[in-house]
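*Asks:* Please put together the full structure from these sequences, using the hints given.
Chains as they are written, first to last, in the numbering used here: chain A, 1 to 700; chain B, 1 to 700.
Treat the hints as calculated values from the structure; they're not laboratory data. It is possible that some hints are incorrect.
Each computed EDC-like pair below joins lysine to aspartate or glutamate, with the alpha-carbon atoms no more than 20 Å apart [stated by the list, open to error]: (1) 641/B / 661/A; (2) 634/B / 657/A; (3) 634/B / 661/A; (4) 641/A / 683/B; (5) 636/B / 282/A; (6) 634/A / 661/B; (7) 426/B / 199/A; (8) 399/A / 537/A; (9) 634/A / 683/B; (10) 208/A / 657/B; (11) 98/A / 683/B; (12) 10/A / 199/A.
According to the in silico footprint, chain B covers these stretches of chain A (three or more CB under 8 Å from chain B) [unchecked claim]: (13) 210-223; (14) 242-252.
Under 8 Å between C-beta atoms, here's a sample of chain A residues computed to sit facing chain B [stated by the list, open to error]: (15) 119; (16) 170; (17) 469; (18) 634; (19) 647.
Idealized CB from N, CA, C, for every residue including glycine.
Protein chains: 2
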Amino acid sequence: MNQIDIVNIKRASDYIRYLSLESIEKAKSGHPGLPLGCANLGAILYRYILTFSPKDPLWANRDRFVLSAGHGSALLYSLLHLTGYKISLDDLDQFRQKGSRTPGHPEFDRELGIETTTGPLGQGFANSVGMAIEGKILADRFNDEEYNLFDYTIFTLMGDGCMMEGISYEAASLAGHLGLDNIVAIYDSNHISIDGHTDITFNDDVAKRFEAMNWDVASCDIIELDSLYNKLNSFKQKKGQPKLLIVKTIIGDGLDKKKDTSAIHGSPAGPEEIAYFIRNSEVRSLFENKYGADTVENTEELALKVSERAKNREPMLEFPEASDFMIQHIEENQKKYKTWTELLKKYKASHPAKYDELDSILNFTLPEELKKTLTEFKEEKPDATRNIAGRVLNLCAKKIPQIIGGCADLVGSTKAGVNGSTYLNKNDFSGRNIAFGIREHAMGAIGNGLGLNGSLIPFTSTFFTFLDYMKPAVRLAALMKLNHLFIFSHDSIYVGEDGPTHQPIEHLNSLRLIPDLLTFRPANDTETAFSFLYFLEKMNGPAAIITSRQNMAAAVFNRSSNNTSKYKEFCNGAYIFHETNKKLNPDVILAASGSELGIAVEAAFELEKSKQLNVRVVSIPCLELFSAAGQDYKGKIMDSKPAPVVLIEAASHRAVDVFYDPNLLAIDIQSFGLSAPGNAVGEHFGFTVRQVLQKIEDIL
Amino acid sequence: MNQIDIVNIKRASDYIRYLSLESIEKAKSGHPGLPLGCANLGAILYRYILTFSPKDPLWANRDRFVLSAGHGSALLYSLLHLTGYKISLDDLDQFRQKGSRTPGHPEFDRELGIETTTGPLGQGFANSVGMAIEGKILADRFNDEEYNLFDYTIFTLMGDGCMMEGISYEAASLAGHLGLDNIVAIYDSNHISIDGHTDITFNDDVAKRFEAMNWDVASCDIIELDSLYNKLNSFKQKKGQPKLLIVKTIIGDGLDKKKDTSAIHGSPAGPEEIAYFIRNSEVRSLFENKYGADTVENTEELALKVSERAKNREPMLEFPEASDFMIQHIEENQKKYKTWTELLKKYKASHPAKYDELDSILNFTLPEELKKTLTEFKEEKPDATRNIAGRVLNLCAKKIPQIIGGCADLVGSTKAGVNGSTYLNKNDFSGRNIAFGIREHAMGAIGNGLGLNGSLIPFTSTFFTFLDYMKPAVRLAALMKLNHLFIFSHDSIYVGEDGPTHQPIEHLNSLRLIPDLLTFRPANDTETAFSFLYFLEKMNGPAAIITSRQNMAAAVFNRSSNNTSKYKEFCNGAYIFHETNKKLNPDVILAASGSELGIAVEAAFELEKSKQLNVRVVSIPCLELFSAAGQDYKGKIMDSKPAPVVLIEAASHRAVDVFYDPNLLAIDIQSFGLSAPGNAVGEHFGFTVRQVLQKIEDIL
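*Replies:* Structure (structure tokens):
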């Protein structure tokens, strides 16, 4: 006997196919291949397997579905429409149109049931690993024998692209290591990618590969619906390992000529193919009812209708039998939801402290005490900002239990670790540190996954030069405005002996160019603490804190008398750090960030002493904030013509400097670094007080 | 009976350990763990396995050794010193010092025997896959039954870091697919990474994982020298699959307390540990001879000597027995070298056409005819620059047989394919196209590997937004000045419906910031051809050609009358594309790149017509070249104060624009894109002629 209603699943699947095909046809762009190939799978998942609550889409214990193969967005939107989320038929009609709820690739919106932004391949899968780790952490912190508050499962759908990307291997390797049994990956194995059959480039034994990474693997064919259901269901329950279900599918299933071809991956099917699908599927009746059986019987006429429907954006056809069937699951899920909320109530009564902790995790506010600590933060003696950042991170972590994160095998160097806490491991998720291994890309995306739900505040860390390895994840953090803190140490050429491969040059300004990300390059103790404070206070997206390997100059430490007003200035991204005589116009303005502030201040002292000049030193901890602070503020700080501005930054301003104010002299680096002791490298590139002074004197 | 001289190998290995330890001690920085752990392996490889010729280090059929775990550079330098390369004991003394031949991580220099720059983990391994593909291509083109000209093997040493990085998985998967039996990877499996034992994060079954990717795998312990030799030797011969030898090693082998700990990975061993090593190794006699047996017997005294030696940079101790033993292999190799050169002579006589082809591949010059074709290149009608670039690439590929490359599963979109040629596959390497699969990072690094030897000119291609996935390889191409052409299509928001994940924003200026890379964003047919021409003419490092998805405006096509002088202007990176009246000062200067040049030109026409203004339009195909062209040229083109400059570029100039000339109005994009038809997105961000005109009028 069937455990699932095969007839209705098939009907619903065909309706999903129809919705996908027509919305793509209307948009004149999109990817029908996956929605057609995986419609059965989607229908079973959303009808039988997933536990969720469209009325409370942020329900903390919902199962998550991640469409890692994000180009198949039409599948996801169709499913969310059919299961009570706020995606209407009209929204499907507006697929890929400006301002719609149904953009080309899924864009993170938990209210709509979209758990993460996907499209860049492999990211969604790695996000899922982060989500699974979050589930384990919440379970560790709040579950007990009586209260199984957190036991959600992450289902993530991968295509051949996800399978080939290196990030997926990195994330899978870590997931296997951590024994994340709350993740079920599903591999849509259709053997077709954009350039043709995958056998032109890919013939891994995927099952064996995942087994080698400590995953539990099973396979089935998507046409065996009972088997598919059983395997998904048993994998949802099975403990001990992460699980991969390899599902043999046919891309573009339901079409005539384009089925099983790369042509259907990323282009509309076209009226003829859609007409073929309609005539041979469960949606035939919809069209017969609407246009008459004769029209449907006539290939050309039906294709013409399909074409007209798309052109005129006629409303999508409704299919009550399919909708009613899919919606039944909501009722079943609502029972589970109710049970859970009652359990939580009991938990509140029996575990008041734990409950408060949970509440504070789900609804973060910055503790006032910590705010005060960070505002007033000062260090006794000069140090490298990586060390200072390590201490500030620990001050924060102490007060904010949801801070959790780790490094790509460099905690001893970047100092981004929670002291006195262990690494997560498969038997114990009570730690605050994650040993990401030498897997920067997965680290970034897993960090994003940790941050998606808003319960945890993730940090991730490596050398600044290896930002490159994780850039796609940094970009997605910004695009999703996730509160993910990136800590990048070893910020410039002063890295020294490790040489050019380890010396970031272009990275600082590259980061600044990314929308919705803030890059802090603090110059001292105060600015380091302020960088953390700004991030935690705003909670409005990711920040990167760029720290030095070497000590900062003594001249820049312990100078602030009123830190509250100093923090206000800091929030403008740049501020006057030193001025010979505030009542006079400066003779020269020296602007710098990070370790170069020390050079600027020492140069200023020298110019005051030896040349009796009025010098203003501007610190720029966050150029993006400075740029956003407006012309008036910028004028107050930086424009003092005819006094020249000297910008000192051991980073590339290559090419864009062609547009710079002729009144500004940029002392920067436009070549790669070299291997030598840090000071020698600094001198080689002209970053000593003496050399900078010479350049200033030349222009004065 | 032993096949190798165990006694001598052990002696040489200990000398390598000594050289590594002392050079690191002198530098006060470095990574002794790997050189100590892998000294035996290195000695066997360079004494028995590798075929090379230090007198002709560029010998086209030499075996290559790639130290993918580049931090272990002291091992490589010690080996090269011992085997006749131009690295002296003095050079080892200067380890990690400014201007030395022995920088912190190996820096590409074939004359020295350094086949590629390594340090960023996984890159060297992926480079090796590219080198192996090159070997297969050369063999396919030039070998026949009688002449086995190319049969070299790539040996590549990977650590745990290389194993964890996603790029290695990508590269290994492709290598397995292509059956590259001319690569032998060696896994230095010491179970220690920087943050401790690898079991905190990594417990893949590596053998199984590689078998799943169609590799042949064997294992052994590094202390079994005969077995190690036999396995390396048999793997060098074995056909059909790429091969992985997993070698169990002990990090820091030879030391006392620091052996087998993460402490020895990346810091000098210290005098006490070195003294321990000396007393218990084959180099003991060197110190006894130099300082007396009593000193060596006394722990503290010996440690003091070690410390003094480092402090005073005393010359390295010589060890003739070890050196003499290692150098013997050169003679054996010279015989092979001689045989090969004689074979080549015969080949020249018997296959004159083939020989000339080989010669032209090894000594590239740009064919004059092609230069003319590219200079005079024009298209009949407006098109997208991706299509134009595809056609230009094919013009080049037709005349230059060493052009070879491919896409990350997007050839239909980026058009970067050699028409009429097949994909490489394990049975046939005659094709000109490589199906890299959805593996951008490995693509970039394999492309670098293809370019390292100077015989091939690789191109690689994907969507511009996915530059992020391969940035580390792009950086290394620039660092090594490899002639690797990157073709990135879908250059901006006009990508349209695919939405923000697929719309590059920060990428254009990010690329421009990278030293030694040129970024071309051509605006029409001529500029596209010129971009290729510049790259092929200079052959002085990598270039990126950024192309559009959508058609360029008709107004920018077919305008040049004298293309030779136009090309000269183009080489300055920016030039006057249009000017109302060259005799008058302009009222406004409009500067743009790529598709925005069309907007600028159309806006100029409108301003001329409706406002009778003198308008200058500046095209900026390569901002880096413009920046490098000097103040005079820049002044001639862009400075015409008080006429304002309007820069129109659908890309981020975020944050750095705070430094821009107040006389310049930048019309750019500082947020992420959105999903909608391309024109709608363009309009949303203000990139229509009408909107741009409005902004120009506002400032005039």
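*Asks:* Decide, hint by hint, whether the structure agrees.
*Replies:* These are the hints, each one checked on the structure:
no., hint, verdict
1, 641/B / 661/A, "13 Å, holds"
2, 634/B / 657/A, "12 Å, holds"
3, 634/B / 661/A, "13 Å, holds"
4, 641/A / 683/B, "37 Å, violated"
5, 636/B / 282/A, "70 Å, violated"
6, 634/A / 661/B, "13 Å, holds"
7, 426/B / 199/A, "11 Å, holds"
8, 399/A / 537/A, "14 Å, holds"
9, 634/A / 683/B, "29 Å, violated"
10, 208/A / 657/B, "51 Å, violated"
11, 98/A / 683/B, "11 Å, holds"
12, 10/A / 199/A, "30 Å, violated"
13, 210-223, "holds (count 4)"
14, 242-252, "violated (count 0)"
15, 119, "4 Å, holds"
16, 170, "4 Å, holds"
17, 469, "6 Å, holds"
18, 634, "6 Å, holds"
19, 647, "7 Å, holds"
The structure does not agree with the numbered hints 4, 5, 9, 10, 12, 14 stated previously, though it agrees with the rest.
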